[in-house]
Structure formats: C-alpha cells, structure tokens
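S.K.: If you're matching them up, the sequences are chains A and B in order.
Numbering that gives the first Met the number 0 numbers the first residue of the first sequence as 0 and each following residue consecutively.
Numbering that gives the first Met the number 0 numbers the first residue of the second sequence as 0 and each following residue consecutively.
One or more of the hints may lead you astray.
Said to hold, decoys possible - With a straight-line cut-off of 30 Å between C-alpha atoms, the simulated BS3-like cross-links for lysine-lysine are:
{"id": "1", "chain 1": "A", "residue 1": "Lys-23", "chain 2": "A", "residue 2": "Lys-191"}
{"id": "2", "chain 1": "A", "residue 1": "Lys-174", "chain 2": "B", "residue 2": "Lys-344"}
{"id": "3", "chain 1": "B", "residue 1": "Lys-119", "chain 2": "A", "residue 2": "Lys-174"}
{"id": "4", "chain 1": "A", "residue 1": "Lys-48", "chain 2": "B", "residue 2": "Lys-119"}
{"id": "5", "chain 1": "A", "residue 1": "Lys-138", "chain 2": "B", "residue 2": "Lys-53"}
{"id": "6", "chain 1": "B", "residue 1": "Lys-39", "chain 2": "B", "residue 2": "Lys-119"}
{"id": "7", "chain 1": "A", "residue 1": "Lys-48", "chain 2": "B", "residue 2": "Lys-118"}
{"id": "8", "chain 1": "A", "residue 1": "Lys-23", "chain 2": "B", "residue 2": "Lys-119"}
{"id": "9", "chain 1": "B", "residue 1": "Lys-118", "chain 2": "A", "residue 2": "Lys-23"}
{"id": "10", "chain 1": "A", "residue 1": "Lys-174", "chain 2": "A", "residue 2": "Lys-28"}
{"id": "11", "chain 1": "B", "residue 1": "Lys-86", "chain 2": "A", "residue 2": "Lys-48"}
{"id": "12", "chain 1": "A", "residue 1": "Lys-43", "chain 2": "B", "residue 2": "Lys-118"}
{"id": "13", "chain 1": "B", "residue 1": "Lys-118", "chain 2": "B", "residue 2": "Lys-17"}
{"id": "14", "chain 1": "B", "residue 1": "Lys-118", "chain 2": "B", "residue 2": "Lys-344"}
{"id": "15", "chain 1": "B", "residue 1": "Lys-17", "chain 2": "A", "residue 2": "Lys-43"}
{"id": "16", "chain 1": "A", "residue 1": "Lys-43", "chain 2": "B", "residue 2": "Lys-53"}
Hints listed in this document are in silico derivations from the structure and should not be mistaken for laboratory results.
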Amino acid sequence: MNILAIETATEVCGIAYYENDSIKGIEEKIIPRQHAASLPLFYKALQEKTGLLLNTLDGIAVSMGPGSFTGLRIGLSYAKGLAFSHDLPIIPVPTLQAIASDVHLDDEFHVLVFSHRDMIYHQKFSADLQQKSNAAVSKWSDLKPLIENSACFHIKCDTFLEDHDRAHKVQPSAKNIGSLALTYYADWVEEKPYALVPNYIAPFEIKIPND
Amino acid sequence: MARSFTTKFRVGCNKGYKLIVLGVETSCDETAASICSNSKILSTIVSSQIIHSKFGGVVPELASREHELLLNTIVQQALEEASIDKKEIEGIAVTRGPGLAGALLAGVCFAKGLAHGLKKPIIGINHLEAHIFANFLADPNLKFPFVCLLVSGGHTQLWLVKEMNNYTLMGTSRDDAAGEAFDKGARILGLRYPGGPEIEKLGMNGNPQAVDFPRAFIKNDNLEFSFSGLKTALLYFMDSKKNKKDILLEDIAASYQQAIIDVLVIKLHQAVIEANVNSCVIAGGVAANIALRIAVESKLSTTRVLFPDLSLCTDNAAMVAFLGELYLRNGVSSAMEFDIDPNLKLA
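Just chain A, with the same shape it has in the complex (with noise of 0.2 Å):
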C-alpha cells in the first residue's frame, strides 16, 4: 500500500511517504511554532525526493491527538486539502498509540504528553502494545499514584517525571503514524474524510468577559 503520513501533534513536524508497505522517505524535525509554514515545504521535498505521487497512494495518515490544539488543525487540514484534490480517504491515527507503538518492553507502560500547566496527556499499554486505557487528560496530582509503578514514555514532562526512575523521553514521528495506518488501514479509513475532527480531548475553558 501506498500511504503519506503527517504527525504535527507535538514540537516534532513530520512527514513521510510509505510505498508498498515500506518507508521511502521522511521529512522531520522538531520546529516549535512553525509547523504551518514548513509541513507545504516538507512535503515538496519529499515529493522530490521519492517521486510521489498522490494519484497512487491509498490514503493520508494523520496524527489525530490528543497534542497541540494548532498543531493538530495545521496537520489535518493540510491533509484535508491534500485529499480533497485527488477524492483520496484519510485515515485518522491516534498520536498517544502511535508513539506506543515505537516502544519494545515486556511490561506494560503509560505514554505522558505534556499539555499546559499542570495537564498531561496520558494512556496505558500493555506489553503486547494493547490499549489498557482510553486516551486521556489529567491534573499531574490525579494522574501520579497511576504511574507511580510504572514505565513512562513522555514528551516534556520531564518537570514532573524528575524522580521517577522509570521515565523514558520520546518523540512522535510521522514514521510511526504511517506504520500504524498501515496495519489499521481496514479498520480506520474514513473515505469521506470532510466532517473528521482531531481528538482534542482536554477541555478548554471559556471565560466569559463582563467589561
């Protein structure tokens, strides 16, 4: 299968380009706040690359969250556009799992995003990288006594993770969204792809002004 893969949930932009099930070449680097101008130029030098061509792929992988609300939009609507001029299905990839997916331990693990202030993103694996857990948001002081036991694969919260002995940092990659679109493709292709949302999650508060 052919498939074009974008991870913008995080600091780490990314995107890559599997043909027949393997990676031919990917565009990544960690760019804080710069995701919407360079994902168009990463994906011109991939194209230039490899030689891709969006009438032959079978789909659009995209990181869908939980992760930077802006990052998520930037990735998935540029994948929205991408998709729509050639009526090509996206296939919408779970950003915690696909970076549990990256992990060989023989225990099960929790995956931590850091989200603001004292949120974090978080689920559980088992070993044989089962969800144990849905994707989720908590305050630090609720999610501690959870992880406190167990391995942690996270991304900036190193501020919280100072005295756990069992803490691993890790990065998202558009690598991982494309592999796990790939083994999910039957299960989460969404061939009309217009109405997909990214899974945000965490709720915001909306304060209303009275001036």
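Place chain B on chain A using the hints.
M.R.: Only chain B this time, still in chain A's reference frame:
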C-alpha cells in the same frame, strides 16, 4: 509576496480567457468559500458560526475548531453551486490576515494542501484589501481614486485608495472599533452578539436624541476615532438609571447608535473633502447598518457613495476570490511557505 508591479492593474477586466479562482475566508467567525471567474462570482457560501452568540463574542479556539470541521464541506458546496469541478480550479486565494491566528491557520493550511494537491498557484490575501475591493463587485464602474471607510468589529479606518496597491491611511480608531462599540454596547444592554444588528433592531423605533452620548473628536479636524469612552458612558448611564424606568431601552439603543453614526459620517465627510475625491465607499460589517447608510447619503449628497450588498459587507469569500483572481491574472502569487499574519496591515 511580491508587491512591485510594472503594469497597472485592471479591475473588472474581461480579457477573454477563463481564470477560475477558489477563494477561502476563515479570519474570524465566518467559514466561507467562493468561486470567481473573469471577475464574476459564480458562487459564494458563508457559514456563520452561531455558537459564539452565547459567549457575547468570538471564542478563538471554538472558531478555529469550527473552521477546521466545516471548511472542506463549504468548499465542496461552493464548487457544486458554481458547477465547477475541483480539477478546473486554476488558482486559490486565501485570507492570510488580519484575523484570529488559529482561525486563519485552518483556512490557509487547507488551501495550501489543496493548491499543492492540484499543483496550482496560491495567493495569500489581505482581508482589509479584499473588503475594499468588494466595492468593485458591487459596482464594476467604480473609479480610482476614492475614500474607503472600513468599519467592522476589528477596524474603523479611513483609507485613500489611489489605485491598486496604493493605499494611504487617513485616520483610524485609537481604541475600540465601531463594530466593537456595537458589540460591547449590546452586551451592556443585555443583547446578543453580534451587537450591531441587535442594537439597530431595538433602536428602530427609538428616539436617537433621547440620550446625549459623547462623540469623541467630533470637533477636531483630524480623522481619528475613539469609541471606548462611549461604551463607558453607556455603562455609567445604565448604572445610574437602574431604578428609573423613565427612559425606554429602545431610546437608549437608538441614541447609542446615533452617537457612533454621527462620528463616522462627520469624519468620512471630512476625509472626502481632504482627499478631494468624487467617490467614497463603505466596507466592513457595520456598513450593513441602515441608519448609517441613510446618514451618509444625506451628509454626502454631492459625492458618489457606494454601499456594497449586505452579503459583501460582512465577511465573505467572494471578495477574497475576486481580489485573488485579480492578482493571479497579473502573475502575482505567494511562495508556498507564506504564513498567516494576525496583525497584517494594509499599508
């Protein structure tokens, strides 16, 4: 974006060959798409996000989410209504600012994806310039130079438009925009967002002379505006009137609206005299106000006054597609890494 031109732009020209442009607008709380060809609007779809009404103003994160969700469908509708296949699109124009960052991003990212997928040029459009050029859609015979009063929720500005790409700011608001004054006034009066139409409706049969609200800078000969004092005056007035029922709410609304209109009309008149032009145009959401239209026409009786259709005053993608076609026809497009600019200026 390249901004130097050797040839003069022709507005409303019809040079025989077809150029089909998709316009996309997501700068605030309207998700919009339009198809323009040969300076003619083939379709224009606007979806106003009513979800913000209960919060008394636009919630940026909500607006961004709605744009992301709706845009693809709105673009599809615009194509269907114009009976155009997406493969026939020859260029894409998208608002890159000014506006809400997250809202702009949803439109720009989708437009870039589509442009790259179709391998067609894209141009980032200044929303304010698009509002000015909406007047050529209202009247293709409009001639440069003219004065443009741009009145919306985000702007109150007087522009001297000498020709395309030659704009001089004659005056602007030091604080709130006129549309903001309507919105904030409406909130004080317990009305819904957006406030302009609500105040207009309530004040329809009210007495505009009932309350003497302040008119800032009205005796100065500069072209500056200020509306924050007016909002405060209304707040104090409502506080002091709490236990009295002698003044009707519709009189207050009419008087508040009149204070805004008086300032706009006097400054516009002054600008037209200063610039020595024969035409003036009103652009932006507040231009939809009927009382403003009547007041401008009576004060500027010797000037050609142009008010675009209601659908062109408020945010729309037709003006974006129209201006985009003009640029693309003249060989101007944006580099693919162009970014949004929430504070984009016109000059």
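S.K.: If you draw a straight line from the CA of A/Lys-43 to the CA of B/Lys-53, is it 30 Å or shorter?
M.R.: Violated - the C-alpha atoms of B/Lys-53 and A/Lys-43 are around 43 Å apart, more than 30 Å.
S.K.: Going straight from one Cα to the other, do A/Lys-43 and B/Lys-118 come out at no more than 30 Å?
M.R.: At roughly 11 Å apart (the allowed maximum being 30 Å), B/Lys-118 and A/Lys-43 satisfy the hint.
S.K.: Taking 30 Å as the top limit, are the C-alpha atoms of B/Lys-118 and B/Lys-17 close enough?
M.R.: Holds, at roughly 18 Å.
S.K.: Measure nothing beyond the straight line between the CA atoms of B/Lys-118 and A/Lys-23; if it is 30 Å or shorter, mark the hint as holding.
M.R.: Cα-Cα ~22 Å, so holds.
S.K.: Take the C-alpha atoms of A/Lys-23 and A/Lys-191, compute the straight-line distance between them, and say whether it is at most 30 Å.
M.R.: Holds, because 26 Å separates the two Cα atoms, which is no more than 30 Å.
S.K.: Does A/Lys-48 pair with B/Lys-119 here, judged by a C-alpha cut-off of 30 Å?
M.R.: Given pair A/Lys-48, B/Lys-119 holds - Cα atoms ~20 Å apart, limit 30 Å.
S.K.: If you draw a straight line from the CA of B/Lys-118 to the CA of B/Lys-344, is it 30 Å or shorter?
M.R.: 29 Å, holds
S.K.: Can the restraint linking B/Lys-119 and A/Lys-174 be considered satisfied, given a maximum Cα separation of 30 Å?
M.R.: 28 Å, holds
S.K.: Under the criterion that the straight-line Cα-Cα distance not exceed 30 Å, is the pair B/Lys-39, B/Lys-119 satisfied?
M.R.: Within the cut-off at roughly 20 Å; holds.
S.K.: Given the proposed pairing of A/Lys-23 with B/Lys-119, does the C-alpha separation stay at or below 30 Å?
M.R.: 25 Å, holds
S.K.: Hinted pair, alpha-carbon criterion (30 Å max): A/Lys-174, B/Lys-344. Please report holds or violated.
M.R.: 40 Å, violated
S.K.: Decide if the proposed pair is consistent with the structure: A/Lys-174 and A/Lys-28, CA atoms, cutoff 30 Å inclusive.
M.R.: 12 Å, holds
In terms of the numbered hints stated before, the structure departs from hints 2 and 16, listed from lowest to highest.
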